[in-house]
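**Student:** Now for the letters of each chain:
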Amino acid sequence: MNQREITFAQAINEALMQAMAEDSSVYIMGEGVPDPKGIFGTTLGLLEKFGSERVLDMPVAENGMTGVAIGSALMGMRPILTHQRVDFALLAMDQMVNNAAKWHYMFGGQLSVPLVIRLIIGRGWGQGPQHSQSLQSWFAHVPGLKVVMPTTPRDAKGLLLASIRDNNPVIFLEHRWLHNIAGHVPAESYTIALGEARVARRGQDLTIVSTSYMTLEALRAATWLSAAGVEVEVIDVRSLRPLDAETILASVRKTGRLLVTDTSWTFCGFSAEIVALVAEKAYSHLLCSPCRVALPDAPTPTSHAVAKFYYPRAVDLYKASCKMMGLQHAEVELEILSTQLDVPDKSFTGPF
Amino acid sequence: MNQREITFAQAINEALMQAMAEDSSVYIMGEGVPDPKGIFGTTLGLLEKFGSERVLDMPVAENGMTGVAIGSALMGMRPILTHQRVDFALLAMDQMVNNAAKWHYMFGGQLSVPLVIRLIIGRGWGQGPQHSQSLQSWFAHVPGLKVVMPTTPRDAKGLLLASIRDNNPVIFLEHRWLHNIAGHVPAESYTIALGEARVARRGQDLTIVSTSYMTLEALRAATWLSAAGVEVEVIDVRSLRPLDAETILASVRKTGRLLVTDTSWTFCGFSAEIVALVAEKAYSHLLCSPCRVALPDAPTPTSHAVAKFYYPRAVDLYKASCKMMGLQHAEVELEILSTQLDVPDKSFTGPF
Amino acid sequence: MTTELLKQLFFSMLRIRRVEEKIVELYPQQEMRCPVHLCIGQEAVAAGVCATLTPTDAVFSGHRAHGHYLAMGGNLKAFWAEMYGKATGCCQGKGGSMHLVDLDAGFIGSTPIVGGTIPVGVGAAFGAMMQRLNKVVVIFFGEGACEEGVFHESLNFAALKNLPIVFVCENNFYSVYTPLSERQPAKREVYTLAQAHNIPSFQENGNDVEQVYQMAREAVERARSGGGATFLEFKTYRWREHCGHNYDNHIGYRTETEFLEWKERCPIQHTQMQLLKHRLLTEAELEEMEKEISLELEEAIAFAKSSPFPEQQTIFDHIYV
Amino acid sequence: MTTELLKQLFFSMLRIRRVEEKIVELYPQQEMRCPVHLCIGQEAVAAGVCATLTPTDAVFSGHRAHGHYLAMGGNLKAFWAEMYGKATGCCQGKGGSMHLVDLDAGFIGSTPIVGGTIPVGVGAAFGAMMQRLNKVVVIFFGEGACEEGVFHESLNFAALKNLPIVFVCENNFYSVYTPLSERQPAKREVYTLAQAHNIPSFQENGNDVEQVYQMAREAVERARSGGGATFLEFKTYRWREHCGHNYDNHIGYRTETEFLEWKERCPIQHTQMQLLKHRLLTEAELEEMEKEISLELEEAIAFAKSSPFPEQQTIFDHIYV
Ligand SMILES: Cc1ncc(C[n+]2csc(CCOP(=O)(O)OP(=O)(O)O)c2C)c(N)n1
Ligand SMILES: Cc1ncc(C[n+]2csc(CCOP(=O)(O)OP(=O)(O)O)c2C)c(N)n1
Ligand SMILES: [Mg+2]
Ligand SMILES: [Mg+2]
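Residue numbers (our numbering), protein chains in the order written: chain A, 1 to 352; chain B, 353 to 704; chain C, 705 to 1025; chain D, 1026 to 1346.
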């Protein structure tokens, strides 16, 4: 059995390589795509392999270039547009929402926009208020878009390949802190269907529904909770739109307890949708109040001294879970608290 | 007692008049502000009274002009920016979210952005996919913004005056179908505090939390329900951010039933936040599953033949309420179904 | 210009005019329940430019798109059905007047977000070029759209990649009720904006269909032969209100005099006079044209009126492929 | 130019350089945990332009803002404390290197969304004009920002309202690692973009502080006397990596030769040579300057290092007034 391990970034890179090799209409465009850093390594080697016609940089003009990508898609190309931070996409909301999301609909099903927009979200190392937002809740709100957030390297590759083959605009959000994490990834080209959640851990006492990087924090909390006798089921949403409501509901019907954790703001965020969904559809199965652990209601502060308190962590999920289980949580010396909190790992020395 | 009645549009107009008279730093800018139609009548007469320096049109450049408004606010002005449709604000998300919402925060509390952005949302008369979105859920997601949606003429005036005097950026959303509705409005200048919901009708059986125009539909449904023996409490949210959670929670603790209705998309929308809030904070008081009645998960179709099914109505609230109360709802001949559904009243002949 | 061609251009303008006038006539029946932006007075630009194209080219437009759709040969029945919100409309009722499409005619789409289709058109040219399709893209927009940043972003990219595009700006001096003087610096011609992006740019009388055609033909040829993009500014005038079927000179944003001056310069009248004067067109032929158009119109309207409305569940069609 | 002034400009540049070099030295300690965009090599623009302003004027900048902040007289202690994420920083730790502010110095703010402060600066000029404040606004940005649509929207409005603004474009030929040739049409100078908006536009050597100063002074005078906006393009070069403290010529996006050519044209070296050659500056005076800067730096760093971090609950401060 092939247990080849590569990083999330390498998995993305491999997906791009394979997609471009398989289909000559796939091209990739974005600030930094062909540069020596290659979008955190995810686009390295593409230029050499596929040439500057299909692997291109672009002017700093997010709205215009999104429109360009859409137009090329209408003519049969399959563009992959990349922004190094989701914050830059705020300039392109018009084209993303007014055009990409609606083109197929507003012209009665004629033509479609097979466009993937890769957006990188992050935390830490002083990115601050304008460089570390997490806007999946916005995208998920918009019918016509699909919204994908992989956690594992395997999902990153399979979901990206599925997104590229999808004939709709797909917003593909990568958490910067996942890029260096390794895991098993099949070498061949494969897809993972959009719209299917992944049960990342099985349990019967409490359901944690998580997105992207928060899945890792959830799994960490689940280990601690298991030691305390609580078996958590962790559901990695993977696809926020379309949403796999059934997997979530089935889990909550089993466990009776719901905790939702997400990398975006809590208020009016994706985590609210999950709680609302369960409240509407599985209300009678709930044994206690559901709970959200997501970003606090503030912009991101830059100083690492406070940013470390800004982002929710495994310990917060642990505490919230204990409370839901009615456990007095032991004042455990949680390892996580002793390390620097504004970097994903020791190799990281900024800037992003 | 002065029971002077004026329309919602006149109330907005009066608020603008009074705000500009009271404070010379208030100015108003937007496409059509000084034109003969005066933004559905809301800005008529301002140009004559305050001159073209303070009442101005602008280039079709939403992002840039939002930045201009922000900059002028930093220098002590109090701009009121107006877009005739919220859809146009999609071009200005960068300045609204990256700058307006964060300026005060990201510079450690130095300077602030006392900016009001009036955005008009609507329905009907073939506005279609790009001219009838309702994006309050996006704005409400963003810390640093305030988000206001008045329903009554009295609230329109008082909340607008409060928004103008507020030192933060306030997104002020007006539903086009409210503009012609008349109600009692005090003649003097007064404010209604942002962050306070309005109990539009008292009842003890079921709570309907509603925004903007949906409050009128909720009140209509409440009348029918009352006839069926169900007393509904209708809470007009008015201010989505900051949110008056206490009034909502207190009502649900009393009634045990929650129905939320909103003019925006259901999925990841404002209605999800209200359900999540109640599920988290008043779970044990709920007698049945909460329920959302908001826009279906589709862009707006243009044809009036289908648009009439697209928008939720009093009848939908009525049916949902009956279900929550366990009532077999009578197949009432609901008057509303016999009229054209793509206009607010008979005087309306398009285009918006 | 051959007589044949001039007559063709004339017919194209006349047809647009009659369609728009029919909207004026029928709009009060309140069966067209969507905003309409009529192009009466501006027909020469649509007719002149589109005559230089073939259906394998690609045209984009904005809110004031009827003329462009029709001049490209967009299906008239599907047009009327769309106006009436019918299932047989060109967008199956999803779009209305502000969203037109006829792929067979090379009319790729029009949308009402000002400037919204400009980068999309540029992208279409880019996509066509990447696929080695011999396509010229024409993007129609008003002078107001040139105030949107995305206009510049689009031109920059078009110049950078030497794309086969003709940008066609219909400068009718107003954006809704706002004159140019409140929106753009004085004494700066619109076409010079495009020049700054290294795009050959020209300005011409937009009410003279011959001049429009000549200028467009050069631009289209340049695009087709690898010479890149061109920007054409045509000065013209909208007769009716910005949105709707009425006249609105009385409300005060422009003068009746200004309107009358431009009405004098009616593009259709102008060409008709020329044709008649030089005896290139007989009164009988003219009548024939009118009859042909009128017949086509009657049929289209009958088709639209008798077509079914879309079913309720179509709300959920076409959200995703 | 008086000797006094030239020495002042020289000192200003030298001070910026030494601050940036100190960041290079201390960044590896990992106490400045935020992205840094150093301006080493570009100091003449900051020094030359800001010397024409007073603290009652208003300056805006983008991600590469250290020089602008310092040249305007921004507080050095508050700067360093901000770099260290301390409560005593100019943004109380909320901003880091990419958000600088010193209202007393007329430095209103810098933010890292490319082009993001351009319309805000224009609005500040508009607001100041409405209030009859005699303020000139200077907005610094890179040539990459000129690709953003909002740049054009801003220029259009500045021209329309004849606002007292100097747009200062530091053209260092790269946006991150992307050369101009991949972003803008060939053979089109950046400053001509502004010309198209009817704004007087000039291009100058950005590594010669005297020329920068002269050109800026004219522009500032024009703005102050009601003559409206000016656009200045200064060609210059960033020595270090786009973001971070290292050199990065080896990674392949530009050549070592190109870098060395520009290093030869070091703005500080250039002015220093001139001052020394004409005996306007003695070695002793130079040493004095170095000492003064070094002392100020030491103090500022000590201040920053010894300052407290913000408390956890400050996360929720300043979200609303
Ligand atoms: C982004 C955006 N902003 C504003 C509007 C409102 N609007 C509709 S048409 C129009 C006028 C545009 O003027 P112009 O481009 O000159 O076209 P014209 O109507 O004169 O043909 C405006 C401002 C819009 N539709 N989209
Ligand atoms: C809207 C936006 N898009 C992209 C970026 C990423 N980015 C950061 S700095 C930069 C380079 C901008 O180049 P230029 O304006 O020439 O400034 P320079 O770095 O050369 O000083 C880019 C693209 C950003 N910060 N904001
Ligand atoms: Mg116009
Ligand atoms: Mg640069």
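Any given hint might turn out to be false.
[Unchecked claim] Footprint (simulated), chain C over chain B, 3 or more residues, beta carbon under 8 Å:
{"#": "1", "segment": "405-411"}
{"#": "2", "segment": "663-675"}
[Stated by the list, open to error] As a list, the in silico DSS-like pairs of lysine-lysine whose alpha-carbon atoms are at most 30 Å apart:
{"#": "3", "chain 1": "B", "residue 1": "698", "chain 2": "A", "residue 2": "281"}
{"#": "4", "chain 1": "D", "residue 1": "1032", "chain 2": "D", "residue 2": "1260"}
{"#": "5", "chain 1": "D", "residue 1": "1260", "chain 2": "A", "residue 2": "37"}
{"#": "6", "chain 1": "D", "residue 1": "1302", "chain 2": "D", "residue 2": "1330"}
{"#": "7", "chain 1": "D", "residue 1": "1302", "chain 2": "D", "residue 2": "1032"}
{"#": "8", "chain 1": "B", "residue 1": "660", "chain 2": "C", "residue 2": "981"}
{"#": "9", "chain 1": "D", "residue 1": "1330", "chain 2": "A", "residue 2": "346"}
{"#": "10", "chain 1": "C", "residue 1": "711", "chain 2": "C", "residue 2": "891"}
{"#": "11", "chain 1": "D", "residue 1": "1288", "chain 2": "A", "residue 2": "37"}
{"#": "12", "chain 1": "B", "residue 1": "389", "chain 2": "C", "residue 2": "711"}
{"#": "13", "chain 1": "C", "residue 1": "967", "chain 2": "C", "residue 2": "981"}
{"#": "14", "chain 1": "B", "residue 1": "675", "chain 2": "B", "residue 2": "660"}
{"#": "15", "chain 1": "C", "residue 1": "967", "chain 2": "C", "residue 2": "939"}
{"#": "16", "chain 1": "C", "residue 1": "891", "chain 2": "D", "residue 2": "1302"}
{"#": "17", "chain 1": "C", "residue 1": "981", "chain 2": "C", "residue 2": "939"}
{"#": "18", "chain 1": "B", "residue 1": "671", "chain 2": "B", "residue 2": "698"}
{"#": "19", "chain 1": "D", "residue 1": "1032", "chain 2": "B", "residue 2": "401"}
{"#": "20", "chain 1": "C", "residue 1": "1009", "chain 2": "B", "residue 2": "660"}
[Said to hold, decoys possible] Taking CB as the label site, the calculated pair distances span:
{"#": "21", "chain 1": "A", "residue 1": "189", "chain 2": "C", "residue 2": "837", "range": "24 to 34 Å"}
{"#": "22", "chain 1": "D", "residue 1": "1315", "chain 2": "A", "residue 2": "184", "range": "49 to 59 Å"}
{"#": "23", "chain 1": "A", "residue 1": "53", "chain 2": "C", "residue 2": "1003", "range": "25 to 35 Å"}
These aren't lab readings, by the way, just hints derived from the structure by calculation.
Where is the CB? At the ideal position from N, CA and C, for every residue including glycine.
**Student:** For every hint, state whether the structure bears it out.
**Tutor:** Do the hints match the structure? See the list:
Taking a C-beta to C-beta cut-off of 8 Å, the segment 405-411 of chain B contributes 4 residues in contact with chain C, enough for the three needed, and the coverage statement holds. Given a C-beta distance limit of less than 8 Å, the hint that chain C covers the segment 663-675 of chain B is violated, as 0 residues qualify and 3 are needed. A distance of roughly 40 Å separates the Cα atoms of residue 698/B and residue 281/A; the hinted pair therefore is violated under the 30 Å criterion. A threshold of 30 Å between alpha carbons decides the hint, and for residue 1032/D with residue 1260/D the separation of about 22 Å falls inside it, so the pair holds.
The suggested pairing of residue 1260/D with residue 37/A holds, with an alpha-carbon distance near 25 Å, which does not exceed 30 Å. About 40 Å separates the Cα atoms of residue 1302/D and residue 1330/D, which puts this hinted pair outside 30 Å; it is violated. Between the alpha carbons of residue 1302/D and residue 1032/D the distance comes to roughly 13 Å, so the proposed pair stays at or under 30 Å and holds. As the CA atoms of residue 660/B and residue 981/C are separated by approximately 53 Å, the hinted pair breaks the 30 Å bound.
Distance check on the hinted pair: residue 1330/D and residue 346/A sit about 23 Å apart at the alpha-carbon level, within 30 Å; holds. For the hint pairing residue 711/C with residue 891/C, the CA-to-CA distance comes to about 37 Å; that exceeds 30 Å, so the pair is violated. For the given pair, residue 1288/D sits about 24 Å from residue 37/A by alpha-carbon distance, which is consistent with the 30 Å threshold. Between residue 389/B and residue 711/C the CA atoms are separated by roughly 41 Å; this puts the pair beyond 30 Å, and the hint is violated.
This hinted pair checks out: residue 967/C and residue 981/C have alpha carbons roughly 20 Å apart, not beyond 30 Å. For the given pair, residue 675/B sits about 23 Å from residue 660/B by alpha-carbon distance, which is consistent with the 30 Å threshold. Restraint check: the Cα-Cα separation between residue 967/C and residue 939/C comes to about 13 Å, which is no more than 30 Å; the hinted pair holds. Taking the CA atoms of residue 891/C and residue 1302/D, the gap is near 49 Å; set against the 30 Å cutoff, the hint is violated.
A hinted pair counts as satisfied when its Cα atoms are at most 30 Å apart, and residue 981/C with residue 939/C qualifies at roughly 25 Å. For the proposed pair residue 671/B and residue 698/B, the alpha carbon gap of about 26 Å is at most 30 Å, so the pair holds. Between residue 1032/D and residue 401/B the CA atoms are separated by roughly 54 Å; this puts the pair beyond 30 Å, and the hint is violated. A C-alpha spacing of about 19 Å is found between residue 1009/C and residue 660/B, which places the hinted pair at or below 30 Å, so the restraint holds.
Between residue 189/A and residue 837/C the Cβ separation comes to about 28 Å, which falls inside the hinted range of 24 to 34 Å. For residue 1315/D and residue 184/A, the Cβ-Cβ distance of about 58 Å falls inside the hinted range of 49 to 59 Å, so the restraint holds. Between residue 53/A and residue 1003/C the CB atoms are about 47 Å apart, so this pair departs from the stated range of 25 to 35 Å.
In this structure, the earlier hints numbered 2, 3, 6, 8, 10, 12, 16, 19, 23 are contradicted, and the remaining ones agree with it.
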